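Student: Protein chains in written order, with the working numbering: chain A, 1 to 542; chain B, 543 to 774; chain C, 775 to 1094; chain D, 1095 to 1195.
It is possible that part of the hints are untrue.
[Stated by the list, open to error] Residues on chain C that point at chain B, a partial pick, calculated with CB under 7 Å:
1. Asn1046
2. Ala1049
3. Gln1053
[As the list claims (entries may be wrong)] Mimicking PhoX-like on lysine-lysine, the simulated pairs with C-alpha atoms at most 25 Å apart in a straight line are:
4. Lys960/C to Lys238/A
5. Lys238/A to Lys881/C
6. Lys881/C to Lys960/C
7. Lys823/C to Lys343/A
8. Lys343/A to Lys63/A
9. Lys668/B to Lys735/B
10. Lys554/B to Lys641/B
11. Lys886/C to Lys1032/C
12. Lys1007/C to Lys1032/C
13. Lys533/A to Lys823/C
14. Lys554/B to Lys666/B
15. Lys823/C to Lys425/A
16. Lys960/C to Lys1032/C
17. Lys823/C to Lys63/A
18. Lys1007/C to Lys960/C
19. Lys533/A to Lys886/C
20. Lys343/A to Lys960/C
21. Lys886/C to Lys238/A
22. Lys886/C to Lys823/C
23. Lys1082/C to Lys1032/C
24. Lys425/A to Lys343/A
25. Lys425/A to Lys821/C
26. Lys960/C to Lys63/A
27. Lys661/B to Lys735/B
28. Lys668/B to Lys554/B
29. Lys960/C to Lys886/C
30. Lys668/B to Lys238/A
Simulated from the structure, these hints should not be mistaken for laboratory data.
This structure is a prediction, so every number in the text was calculated from the model and none was measured.
In this text, a Cβ means the ideal position worked out from N, Cα and C, and glycines have one as well.
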Amino acid sequence: MVMSETIKEARHSYLDAPYGLKSWLLTRDHKRIAMLYLISITIFFMLGGLFAAGIRLELLTPKGDIWSADLYNKMFSMHGVIMVFFFLVPSIPATLGNFFVPIMIGTKDLAFPRINLLSWYLYVIGGVIALIVLAMGGIDTGWTFYTPYSSFASNTNVTLAIVGVFVAGFSSILTGFNFIVTVHRMRAPGMTWFRLPLFVWAQYATSLVMILGTPVVAITLTLVAAERTLHLGIFDPKIGGDPVLFQHLFWFYSHPAVYIMILPGMGVISELVAAMSRKQIFGYGFVAASSLAIAILGFLVWGHHLFVSSQSIYAGMVFSIITMLVAVPSAVKTFNWAATMYKGAVSWESPTFWVVGFMGLFLIGGLTGLYLAAMGMDIALHDTYFVVAHFHYIMVGGAIMAFMGGLHFWWPKMTGRMYNEGLAKAAAVLVFVGFNFTFFPQFILGYLGMPRRYYAYPDEFQVWNVLSSAGASVLGIGYMLVFTYMMYSLFRGEPAPANPWGAKGLEWTTSSPPPTFNFDEDPIVTEPAYDYKPAGSEVIVG
Amino acid sequence: MASHDAHAHHPKQQHHFYSMEQQLEASILGMWVFLVTEVMFFGGLFMAYIVYRHMYPLAWAESSHELNVYMGGGNTVVLICSSLTMALAVRAAQIGSRKGQIVNLILTILLGSTFLVVKYFEYKAKFEHGLVPGPHFDPHELLANGTLAPIHLPQGSEIFFSLYFIMTGIHALHMVVGIALMLIILAMAWKGKFGPDYYNPVEISGLYWHFVDIVWIFLFPLLYLLGAHFSL
Amino acid sequence: MSSSFPLFPPSASSVATEMDLLYLFITGVCAFFTVVVTLVVVYFTIKYKRRSPNDVGADIHGSLVLELTWTIIPLILSLIMFGWGASLFYRLSRPPSDAMEITVVGKQWMWKVQHPEGVREINELHVPLGHNVRLTLGSEDVIHDFAIPAFRVKIDVVPGKFTTMWFNATQIGTYHIFCAQYCGTKHSGMIGQVIVMTPQDYEAWLAGGRSTGSAAQNGERLFADLSCITCHKADATGRGPSLIGLYGSTVQLADGRKVVADDNYLRESIMNSQAKIVQGFQPIMPAFQTQISEENLLQLLAYLKSLKPATAAPAPAHEK
Amino acid sequence: MSGHAPITPVRTLVTIFLTLLVFTAVTVFAAMRDFGALNTPVALLIAVTKASLVITFFMAVRYNTPLTKVVVVSGFLWLLILFGLGLNDYLTRAWIGVPGR
């Protein structure tokens, strides 16, 4: 009986409204656009993962023996370009953010639905350009495009790759600006700023970074392209240009870009910790403010990528001390999440597994940033595998764990179907273990001095590299497992109830999956977020 | 949408907005947020400008003298005029004057095109004088007797001209986009789509146009008026 | 370091121990917080496990005291790390004045080294034990990065300018030189060895090496070959300024600015002679941008540095 | 559909237009004089004034919500962050007197 009712409900959902490919490709529904994004970023994630596998395979042995040096360089470059610009930057904002920001604030859609669709098309165009670059042999500059290598030395399709990144960047700007206007102008009656779910706060902070940072990297890469094609030298040392200026402009975006990746992840975790513990988030105001603090401070620290690049030592000190300050809001968030669980009713369902995994990995990722921010220490660690390990702990251990957690948490809402709980828990454990085996040895390799982007390396580094490659295979299996049972769930999963976790939040008040305009009646908000009342049994599961 | 709602909706109101006002405010805010990204986009170029001007003050002063102040200044006046006509076009839409919109939009488009034509002649002169960076960078003057006289420019001037072409080039590209936008708005105004209740497209295109004007207001003194020692 | 699971690189310079201590200090702080927070989270997960499907957590909203505690403690700890790191960086940035100067030129994909006595080597760097050594580095093509993990030193080698590093080797042995900034196809092949020898062995090695005269002598020859000498005369009678005692002094420029004549100033004045004009002189010197290789430039610089006034030692203007 | 944004009078628009033309003339003539170190500040001051006039009147920011004003100001603030922290490197490069540090 329950079953047939749910199915009847599903007929009214956004998934089924009008059928057909055209209705999807021309949709203006933020939920459908989120699903389109989800499909496309999954493709790019797999592609990027394939290159990662290629890299780890080569590094099993000290000698360069599986690929040629050139192919290896192209692999890590394409791994970086694809994972950063085509997976991580759009990952949470364009999928979970797109889907849930309007629902969480109780509106029918984003402020500019057509621009939202345009943003997806731009992403696809950028992605297709990246694939064309790949088909033409890829690029070998690394994802950082440092001049003068990228402008004069590389004979690969750098210009076309830059066009691809530029277009994808435009897509990210449009997403960000849509979110900002939506959060400001479209909130449901009663949805005050301090009733906003923390996920929305995080998305808002992320959007600020997107619109303020992305244009700078766009113009910087344009300048590199102009140097390559039109010989308009801006960074060319032969005519007196300064390659370090490129690094300044590049990191003005690319450091905050790290926060584009991790801030939404932090938002997801804030939601999940509260919902899985059925408890008001500890220190709501501090968690919300720390998102903004991270977004703003994130713009003031880019020079810590330039400590040994011949930047002035005094500039280095300014950047170093501000970088240390970023540690504070990140620590505040972590402690608040832990405190939220205190005296909670902690569920042992699969999202909790991803959350706990995230906390462990994010702690290590965040704390190892301190080594790199301390200038003297950075001399030893700069451009070594320590850096590689550190940012993978943040971007993979942090952002992707959070993305996975969010996906498991909201999957029933998005698709209207449940997945296999047992497999989901197993996958979380596999990914956690595999991840640590892959990247923890790289911290040690880094202090031993192994530089990043090395195709061959001295023998004494082998033992840690073998461990890392072995861990990577476990990690890969973990991700494939998630993909498998999620695909199964999509077609065969049990229908999901409206509120499978018994969680608070507007998204759980509407049906699973939600109707086209999200709510049958325009919601009016009367209570703060995470208003779990301990007295009665007000939580209704299902 | 209007059929099932208690209060009547304007035909241009999109379903997810509560009111036309919310819709107008959202689009104006959206345009400003977009313009902030534009500010940062040009900001990267200005950053490069500041750094290199600090490194090569001499080259900056002397290269600046190779630019044509008449053309740059004239174009500044042209753009200011176009900003006025643009503002008048928005006003015409707000008060519901179709004729006012059409006349002012056409004037705006003509002024914008004038700017580009002047730019064309300016660029042409730079090519003739070998001031285009790259392998053929070879500054010279064409003397009255038909011979070429090389001009000596200090190190750093090639970067100046690279920045000159990129900054003015990207600005000109924005002008082209602006003119295309104005043509669309003109077509819509022609059909009488705008009035006191609905003029968002005119208003936000106007914001864009004024922004492009502002960029030029900075480019003109920073590129053309350096060195302080020239005379007209 | 024969352990099969090595944790530290060899420790072979005067800063290695302090670097390791800083590393261990930060590791201690990080390990403490990682362990504590992880244990707390796991403990809460078990202790407060949901008992029934409709269970709800306690009604706790926050605590200002706790928030302030975990704002201020991380702040203090991170500022200590900043202070220590910055101080170490500062010391590693300023070469001692008695350091012997070796020049290094990076190009795709090799390191070219020249000792002050003129001995050259490729992808190898011989240094005497217990001496302060200052490297001046330049690049002929793209950005490289000269890194010696055993000495805990590293600096980018940027085309168009010189960079500096220094170290004092404390352990005899052979250690890795890596290029740490990605520079193209054979980036991972741009490696070499630094060989630390006793000062006696180093002298013997220098004597055995093929030298075409000291760096300064080579520079003097170039100074004549490139006709620099026709304008830059020793007395003040030339069309260009005299270069005696120039290095490290303060130069008054025509546009009113003052600059210290350091390596990068001399480099710019040779390569792009019009960039900064000395007061009282005409901008007539040709730019040598395309005519001088990075190595020759370093030799010219060695010569210019050797030009000291006959009477007093040069004012150490760059050492304030 | 109540409470339309106020409409800028033609008189204001024309006054601003004429002021902008005057400032353009002023900036050209100012550039012909030598104020020494003040050359650039003078030029920038005039440019900033002109830009503020365009933003306030032509772009009608004075009639917009406070939020729009915040957005406009923060855009330029971020530009100053880029310039300020970037110059933080370039202006201090020679201080320590060691090349590349």
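Student: With reference to the structure, classify each hint as holding or not holding.
Tutor: To see whether the hints hold, each was checked on the structure:
1. Asn1046: holds, 3 Å
2. Ala1049: holds, 5 Å
3. Gln1053: Not OK, violated: glutamine 1053/C not within 7 Å of chain B, min 13 Å.
4. Lys960/C to Lys238/A: holds, 23 Å
5. Lys238/A to Lys881/C: holds, 15 Å
6. Lys881/C to Lys960/C: This hinted pair holds, its Cα atoms lying about 11 Å apart.
7. Lys823/C to Lys343/A: holds, 9 Å
8. Lys343/A to Lys63/A: Violated, at about 54 Å.
9. Lys668/B to Lys735/B: Violated. Lysine 668/B to lysine 735/B sits at ~44 Å, over the 25 Å cutoff.
10. Lys554/B to Lys641/B: holds, 22 Å
11. Lys886/C to Lys1032/C: violated, 34 Å
12. Lys1007/C to Lys1032/C: holds, 22 Å
13. Lys533/A to Lys823/C: holds, 18 Å
14. Lys554/B to Lys666/B: Violated. Lysine 554/B to lysine 666/B sits at ~46 Å, over the 25 Å cutoff.
15. Lys823/C to Lys425/A: holds, 16 Å
16. Lys960/C to Lys1032/C: Outside the cut-off at roughly 42 Å; violated.
17. Lys823/C to Lys63/A: Status violated; Cα separation ~50 Å.
18. Lys1007/C to Lys960/C: violated, 45 Å
19. Lys533/A to Lys886/C: With a Cα-Cα distance of about 72 Å, the restraint between lysine 533/A and lysine 886/C is violated, given a limit of 25 Å.
20. Lys343/A to Lys960/C: violated, 57 Å
21. Lys886/C to Lys238/A: Holds: lysine 886/C and lysine 238/A sit about 20 Å apart, inside 25 Å.
22. Lys886/C to Lys823/C: Violated: lysine 886/C and lysine 823/C sit about 64 Å apart, past 25 Å.
23. Lys1082/C to Lys1032/C: holds, 21 Å
24. Lys425/A to Lys343/A: Distance of about 23 Å is within 25 Å: holds.
25. Lys425/A to Lys821/C: holds, 19 Å
26. Lys960/C to Lys63/A: Roughly 13 Å between the alpha carbons, so the hint for lysine 960/C and lysine 63/A holds.
27. Lys661/B to Lys735/B: violated, 34 Å
28. Lys668/B to Lys554/B: violated, 48 Å
29. Lys960/C to Lys886/C: holds, 16 Å
30. Lys668/B to Lys238/A: Between lysine 668/B and lysine 238/A the Cα gap is close to 22 Å, so the pair holds against 25 Å.
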